[in-house]
Amino acid sequence: MTMSDLFQDYSEAAGRTGAYDEMFAPGQMARTSYGQVAGALRELSLADVTARADSMARTFLDRGVTFDFAGEERPFPLDIVPRVIPADEWDVLERGVAQRVRALEAFLNDVYDKMTVVSDGVIPRQLVTTSAHFHRAVHGFEPAGGVRVHISGIDVVRDAEGTFRVLEDNVRVPSGVSYVLENRRAMAKGLPEAFGQQLIRPVEEYPRRLLSALRKTAPSGVDDPTVVVLTPGVFNSAYFEHTLLAGLMGVELVEGRDLICRGNRVYMRTTAGEQRVDVIYKRIDDDFLDPLQFRSDSMLGCPGLVNAARAGGVTIANAVGNGVADDKLVYSYVPDLIRYYLGEEPVIANVDTFRLEEKEAREHVLDRLHELVVKPVDGSGGKGLVIGPDASKEELEALRKRVIADPRGWIAQPVLQLSTVPTLSGDKFGPRHVDLRPFAVNDGDDVWVLPGGLTRVALKEGSLIVNSSQGGGSKDTWVLADSPQVPVERLPRQSITVRERVSVWPVESNWRDRQSEQQQ
Amino acid sequence: MLSRIAESLFWIGRYVERADGTARILDVHLERLNHLPTEERRSVARELLAVMGARPQSEEFGLEELLHALAYDKHSATSIAGSLGAARENARRARETVSSGLWESLNTTYYGLNQHRKDVVGTYRYCHWVLERTAMVSGLADTTVSHDDSWLFLALGRSLERADMTARMLSTRDVLSAGMSWVNMLRCAGAYESFLRTRRAAFGDQHAAEFLLLDRLFPRSIVYALRDADECLAKLDPSAQRVGFINDARRIVGQARTFLEFHRTDDLMSELPEHMERVQKAVSQASDAISRKYFNQADELAWVGEVS
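Chains A and B supply the protein sequences, listed in that same order.
Taking the working numbering, the leading residue of the first sequence gets 1, the next gets one more, and so forth.
Taking the working numbering, the leading residue of the second sequence gets 1, the next gets one more, and so forth.
Incorrect hints may have been included.
Far from chain A by the CB rule (all over 12 Å, computed), these chain B residues [claimed, not checked]:
#1 93
#2 148
#3 149
#4 234
#5 235
#6 270
#7 271
In silico lysine to aspartate or glutamate, DMTMM-like type, Cα no more than 20 Å apart, as pairs [as the list claims (entries may be wrong)]:
#8 A/359 x A/397
#9 A/216 x A/443
#10 B/118 x A/43
#11 B/118 x A/54
#12 B/118 x A/193
#13 A/460 x A/427
#14 B/293 x B/148
#15 B/281 x B/104
#16 B/281 x B/230
#17 B/235 x B/59
#18 A/428 x A/461
#19 B/118 x A/48
No lab work stands behind these hints, which were simulated from the structure alone.
Treat the numbers as computed from the prediction; the structure is a model and nothing was measured.
C-beta atoms are modelled at their ideal positions from N, C-alpha and C, and glycine is treated no differently.
Next comes chain A alone, as it looks inside the complex (with noise of 0.2 Å):
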């Protein structure tokens, strides 16, 4: 079997969903950017094919590489077609996520400080204060190291024109960066043909950049500051991830009972007594950080941080009460914010979106509901979303009836056909739609984009939900470098080989070697 049957009925399948296919331009002709990766799948049978995708997941079921699945342990499918993002595509992308996040950032620092945004009239002081994730607890100081968005996860979408759209921000705990690493690790071993000579932009010094921002935000006056990744443990969903960033980033990966605050200072336990922290990375949500300002029931934190943080002694990256700026209400506004923070355009466009509690556009969307999406403002991970097209009639009256009851509460955008990959389905590879998540970390003077991100790919034909925890798996994204003279990785090969002779060893003294080598 070759290509050609590997891919028949592709572009068949491909016309039907009417969405932009990144590897096929129309005639199932492969684009530049892909070219590569359509040599190697040429050359490789079905049994091929198939070989290297259980190798490739027996891999990842060996280092663990897992989600949570209602209780279960997972390994987190990897199809083995690339994403592939060519320089000039990722220059936009790359610029319009750092906007995004400078523009995030000054949001934030403005909402917890003068609400000069509000005065200004560019959004209502109601939208903030009425969000969830607007916590009054962290009002009014600017947070240790002066960063509040260290780490974060801008969602993109491409849609049938092609033309990448922010879905969501995740300024909170955006996950999902492990993987990014391990895809790469295993396609490197699975599809080495593909990699051939073309340079693909690497992705492993993420944990390193990612400790130096966490490093360099530490509070003033630590000189070697300690940094600490707090996980609520081993049943949360991401925990591989944890110890994975902990361990690459070489940081004790701690958990609520192993951290103790006092005098505004936080501290952990250890077997040389109680060692100071200087820098939490936060992997719990800040409803669990600390009992004494959020939920009193929380086992997962540790009381008294949010006072630390406050005080300065302590950096918690990212910082609380981000989640406002995620608010997906508060999304529809960023443009504005771009605008008005920055003084610039915004690079990547919003997708469409009616704000519920304008009567207008909730009529309008009332009556259109078979046809929208509609989301809930402050959920996560595809969590209470309604596909109108594929929603019952139940469960569109039961969808009509909430909006009603909270119009606060919920958005809507029109159904996007996100754009689609070739995923290995059976025994061929179909059209399936899929995002992609940029993760980009910001030391206080630059915000860095890792160079691809997080692809996540619907395995269902047909399906627009590519979250894991329904059925989503994910593709390694290749980023091209635009030319061979920027290359990351390769140094010239004479530096190192024609380096001087150096002899700093003492002179043999070893008589009877000699002697032996005399004798023959």
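For chain A, the structure is supplied; the task is to place chain B on it using the hints.
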């Protein structure tokens, strides 16, 4: 114990460790090799083979030939299959002294050598499998054999070969400077996580090389492996407890280790090639000296007789 048996055990230790080291080196370099243009790939493949101590047998030497030479060639002690075959052959000859657990694990490994696809992707899994098998052999040797002289010979072979293999890993850093990063070098030795935990925020070539060469606590570092070898030698020959040495092997291993351990330098990277060369030389000299002393006593005596 019989010299012949001691020699077999010594070589089981060396061969198993060699298979392990070769699998590690191959696994990491394969990834890099794949990304090179064909011409460069050829020359790098040759250089890699040279680092592992062999010469290409034909003019046409590419990726496929490299895989054969380092992974699958049963007739060459440089390859993984050859080493594991030789280890099993040695165990067969010393079968009455090795534990059945150790023998069986070597034998099973030997029969498993053919059950892998010999393309690039198959080789990755093969290397992974080899690491598991060698760890198992090593673990069974440690837990099912009394730690008497027979085990000491096995451990001695293992630690000498380990020092040698780590030296070769670090030499490949030189060969493949094109794309070889310190991250891969550390992964190669299974030292990545350990290194990160000790070094925290300090990254870089120099630190990584230092870790693999000089760290006193990481078991695959050269200083650690040489210390292990030294301890085995000391236990094998308890007569030289107080002053001096009567055993060439101890002198060679001890001098190399102490030189490295207490050597002060500002520029480790430029000295690295010499260190690696000297470590490999010390290992081969020590191995010869051990052979002379323990395994070919007849020759040794005759030779001493000639001198006196």
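Hints, one by one, checked against the model:
With a least beta-carbon separation of about 27 Å from chain A, residue 93 of chain B lies farther than 12 Å from that chain, consistent with its non-interface assignment. Distance to chain A confirms residue 148 of chain B as a non-interface residue, since its nearest Cβ pair spans about 29 Å, more than 12 Å. Every C-beta of chain A lies more than 12 Å from that of residue 149 of chain B, the closest at about 24 Å, which supports listing it as non-interface. Distance to chain A confirms residue 234 of chain B as a non-interface residue, since its nearest Cβ pair spans about 20 Å, more than 12 Å.
No Cβ of chain A comes within 12 Å of the Cβ of residue 235 of chain B; the nearest lies about 23 Å off, and the non-interface call holds. A beta-carbon of chain A is positioned within 12 Å of the beta-carbon of residue 270 of chain B; the least distance is around 5 Å. Against the 12 Å criterion, residue 271 of chain B falls within the reach of chain A, whose nearest CB is about 5 Å from its own CB. Pair hint residue 359 of chain A plus residue 397 of chain A holds up; C-alpha atoms about 19 Å apart against a cutoff of 20 Å.
At most 20 Å may separate the alpha-carbon atoms for a hinted pair to count; residue 216 of chain A and residue 443 of chain A meet this at roughly 6 Å. A threshold of 20 Å between alpha carbons decides the hint, and for residue 118 of chain B with residue 43 of chain A the separation of about 17 Å falls inside it, so the pair holds. Distance hint between residue 118 of chain B and residue 54 of chain A is fulfilled; the C-alpha atoms sit about 17 Å from each other, no more than 20 Å. Restraint check for residue 118 of chain B and residue 193 of chain A: the C-alpha separation of about 15 Å stays at or below 20 Å, so the hint holds.
For the hint pairing residue 460 of chain A with residue 427 of chain A, the CA-to-CA distance comes to about 14 Å; that is within 20 Å, so the pair holds. Taking the CA atoms of residue 293 of chain B and residue 148 of chain B, the gap is about 18 Å. The hint holds against a cut of 20 Å. Between residue 281 of chain B and residue 104 of chain B, the direct Cα distance comes to roughly 33 Å. Violation of the 20 Å bound is thereby established for this hinted pair. A threshold of 20 Å between alpha carbons decides the hint, and for residue 281 of chain B with residue 230 of chain B the separation of about 16 Å falls inside it, so the pair holds.
Between residue 235 of chain B and residue 59 of chain B, the direct Cα distance comes to roughly 48 Å. Violation of the 20 Å bound is thereby established for this hinted pair. Using a Cα cut-off of 20 Å, the hinted pair residue 428 of chain A and residue 461 of chain A holds, with the two alpha carbons roughly 12 Å apart. Our distance criterion of 20 Å between C-alpha atoms is met by residue 118 of chain B and residue 48 of chain A, whose separation comes to about 13 Å.
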